[in-house]
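> Chain by chain, the residues run as shown.
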Amino acid sequence: MLKLVTHRLLHSAILIFGVVSVIFFTNFVLGDPVRVLLPASTPQEAVEAFRAQMGFDRPILVQYLDYISGVLTGDFGLSWWQKADALTIAVRPLTATLELGLVAMLIASVFGITIGIAAAAKPDSWIDRLATSISIVGVSLPLIWFTLMLALVFSVFLGWLPTAGYGTWAHMVLPVVSLAALPLGRTVQITRAAMIDEMAKPYITTARARGLSERRIMFRHALRNALPPIVTEIGWESAVLLTGYTIIVESVFGWPGFGFASYHAILTRDMPVIGAMAFVAAVIVVIINILVDIAYVIINPTIRYE
Amino acid sequence: MTQLISRRAFGKLVTASAGLAALSSLPSLMRPVYAQGAGGIVIAIANDPQSLDPLAIESQVPAQVTWNVYEPLLTRDTTGKIVPGLAESFTRTSPTTAQVKLKSGIRFHDGSAFDAEAAAFSINRIIDPQTKSQWIGTVNTITGAKAIASDVVEISTKEPDPVLEARLTVIAMMAPGWTKEVGNQVGVQANGTGPYKFIAWKRNLSVDLEANADYWGGTPSIKAITFRIIPEDATRYQSVKTKEVDLYLGLLPDQISGLEKYAAGIGQEFSFIRFSNLEGSGLADPRLRQAINYAVDKAGIHAALYQSQGALLNGQLSAPGMFGYNPNLQPYPYDLEKARSLVQEAGAQGRHITIEGPKGRYTGDAVELQALAAMIEQSGLGVNLVLRDPNNWVRIGDRNQTPVPPEGWYVRHDNSTFDADRTLGSYYTPNGSYSAYQNKEIDDLFAQSRKEMDSTKREGLLHNIFDIGREKDPMGLFLFQHAALWGMTPRVNFTPRADGLLFVKDINLTA
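In order, the protein sequences belong to chains B and P.
Heads up: the first sequence is residues 1 to 306, going by the numbering used here.
Heads up: the second sequence is residues 1 to 511, going by the numbering used here.
Okay, chain B solo, but in the shape it has when bound (with noise of 0.2 Å):
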């Protein structure tokens, strides 16, 4: 497990590294950030006077070994925007943002993998059709529309639930609802299809064979053999709900999150601060990553990482 666990996290830096350079050269192919931080008005001897004094009339390599060692030691530099560090900014919004996710993943896993189950023990009856309804519309649904149209409803029709906040479980109804209905309708499909594939095959005849009763061979047999590539695409939507539904989501229902800070900085160009959330996702997917590889061995102990 330790060697496993090493052996992911050197990989990890790499991959690390790899976004925080590719985020850095971004910076440049986007045009001059100097203009960016000036409003347009501003005279050209001012302009040169700023440049410089950001440090943006050095090489370009110069600055890119500068941003590098900076990383290392965990400065990101000061926001373009808010002046303030860059990593700070990233980091500050994440318990937001994990008080949704966590809640809207524990919504889709549960009860994704309890309808899944509940399909894949009859084939073709209508528990399995409508699960199957509800997964296809929970996948199919366009995030943003939908996330309005809750607002529309829950909040300007029925007046029951607030459009847009944070701070009492009333605001987080919404968001969560949103960010769950993806995950939960592709786990409801992935649990399913794994399930029915267990389901087939010759060691669950010879279960059946011996006597056993259905509940057990399919909770103690089926579901165990069926869980790796749930767990993987639980783990998989858990690093696309933090670090990319969020943006839509949070930005919609005025949720001070991760999502809603990156789109922020993205809008406003905020490269210091772009970095540092590039930084800060990677880490994250890295972190779930490893999470889902350690969970691998647990189910399935002949699971080996040599």
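Source of the hints: derived by calculation from the structure; they are not laboratory data.
A quick note: this is a predicted structure, and the numbers were derived from the prediction, not measured.
Worth double-checking, as some hints may not be accurate.
Below, in silico cross-link-like pairs of lysine to aspartate or glutamate (EDC-like), each with a Cα-Cα straight-line distance of 16 Å or less [stated by the list, open to error]: (1) K440/P with E279/P; (2) K132/P with E45/B; (3) K132/P with E48/B; (4) K101/P with E117/P; (5) K472/P with D285/P; (6) K122/B with E214/B.
So these bits of chain B aren't anywhere near chain P, every CB distance computed over 12 Å [what the hints assert, rightly or not]: (7) L4; (8) T132; (9) M199.
Sample of chain B residues facing chain P (criterion: CB under 7 Å; computed from the structure) [stated by the list, open to error]: (10) Q44; (11) A46; (12) S69; (13) W81; (14) S155; (15) V156; (16) A164; (17) S251; (18) V252.
For each residue, glycine too, the CB sits at the ideal point set by N, CA and C.
Keeping the supplied structure of chain B fixed, place chain P upon it in accordance with the hints.
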């Protein structure tokens, strides 16, 4: 007896109806408690303020917050006219100096006195390169300020500066002691002399202010302000419908009909296409620039895209209420025949010109440009329309980064000094950072206007410049003065100001 319903199914039904009953009682339980309850107001803003340092930041969103906390020496009334703010009087003492006498007995929220030292400190701070002020282009004629009595501050300028009063309206007064004490935290708190005191800033969520009971202008009627940060247009709009938010700037024209109350202010955003008349430009011949003006149905686009909110520009990059605006000029009429014959006369049929514009910098920018390009093509000119991301689009407009400017460059100009000096200085003089235009006659008139201290004469010079720039050597395709649309709940009584700023002390709420 045939059982109509099994016992188990009956049980399920009971549970379901209990659930429904619980659900239907939810509205009363879950109706959120509105922050604006007791005499407070909630205003939605589109993003987290960049900073609350009013001397460093020139930006609409933080300005909505900071101008309720901080005040300048001179300010504007609702029509845009300059009136005293914290100043008692303003006197020019020599061509390059002016003295401002301050109102007495005013204190900052932290208790320190507002005096000439504070005024001098604030003016010197905005021009200090260390402040990295975004206002620098507006205030850089000022060389310094010093206190010459406890209530008199003297301001010096490089050259005679006829626009000095207007420049002072953007300089917020800050307390020297407090500013030094908080150091680099100056942008995350606020301490002014204004009607509202800073309470808290929750990042990406809200900024809270409360009424200053000791305000020199009288305690404001609204006791508390919560600025809520809601980035999504549709959500801001919905929040007003649910009355979670009372007021916001940025209502879209097509949402007007959905709200019970809105107000359209005269916006300070002027959209236009800047023409290049430089040698080698496909539009060097003034007849072609006239033709483009004739070919575009400005009123038609204005109605279709903006529901005619705002106004058409009158053949100049200025509007009524601005210094230098020429009241005798009219927009070009829509006359396609005339446009075609001008293009023919100039022998330019089929000539391709390039127009560069932003995509996503302003509300509706790309759509407006596509409509314009299609109309211009009716004149016989070909249009190569390039829509870029905002960053690269700015680069194209900058003469220092783009030595050969495109024939047309679309921008919306925002003039916070209310003076044509800023407009012309930026776009139509050889030294302007966004200029692609040269006209000897205009250069001379402009140079004279910069030295002319007699305001009537200076206004006459600016009138002349706009006159030449309309027809003789057309400066651009001047389009619209965009409206500033405010969405609000029915209880808000608010009239937008000419300068687009938000002073909550002037708002009152119907109980």
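> Evaluate each hint against the coordinates.
Structure-based check of each hint:
Using a Cα cut-off of 16 Å, the hinted pair K440/P and E279/P holds, with the two alpha carbons roughly 14 Å apart. Distance hint between K132/P and E45/B is fulfilled; the C-alpha atoms sit about 13 Å from each other, no more than 16 Å. Under the criterion of a C-alpha separation no larger than 16 Å, the hint pairing K132/P with E48/B is consistent with the structure, at around 13 Å. Between K101/P and E117/P the alpha-carbon distance is near 12 Å, which keeps this suggested pair within the 16 Å criterion.
About 11 Å separates the Cα atoms of K472/P and D285/P, which keeps this hinted pair within 16 Å; it holds. Of the supplied pair hints, the one linking K122/B and E214/B holds, its CA atoms being roughly 11 Å apart against a limit of 16 Å. Its beta-carbon lying about 37 Å from the closest one in chain P, L4/B satisfies the requirement of being farther than 12 Å from that chain. No beta-carbon of chain P is positioned within 12 Å of the beta-carbon of T132/B; the least distance is around 23 Å.
Remark: the non-interface label on M199/B is consistent with the geometry, its nearest Cβ contact in chain P lying 28 Å away (cut-off 12 Å). With a cut of 7 Å, the hint placing Q44/B at the interface with chain P holds, because the nearest CB-to-CB distance is about 5 Å. Given the 7 Å rule on beta carbons, the hint for A46/B holds: about 5 Å separates it from the nearest Cβ of chain P. Here the hint on S69/B is broken, as its CB sits about 23 Å from the closest CB of chain P, past 7 Å.
A least Cβ separation of about 5 Å between W81/B and chain P falls short of the 7 Å threshold, and the interface hint therefore holds. Checking S155/B against chain P by beta carbon gives a least distance of about 5 Å; that is within 7 Å, so the hint holds. Because the beta carbon of V156/B sits about 5 Å from the nearest beta carbon in chain P, less than 7 Å, this interface hint is met. With a cut of 7 Å, the hint placing A164/B at the interface with chain P holds, because the nearest CB-to-CB distance is about 5 Å.
This hint holds: S251/B has a C-beta 5 Å from the nearest C-beta of chain P, less than the 7 Å allowed. For V252/B, the suggested interface contact is upheld, since its CB lies about 5 Å from the closest CB of chain P, less than 7 Å.
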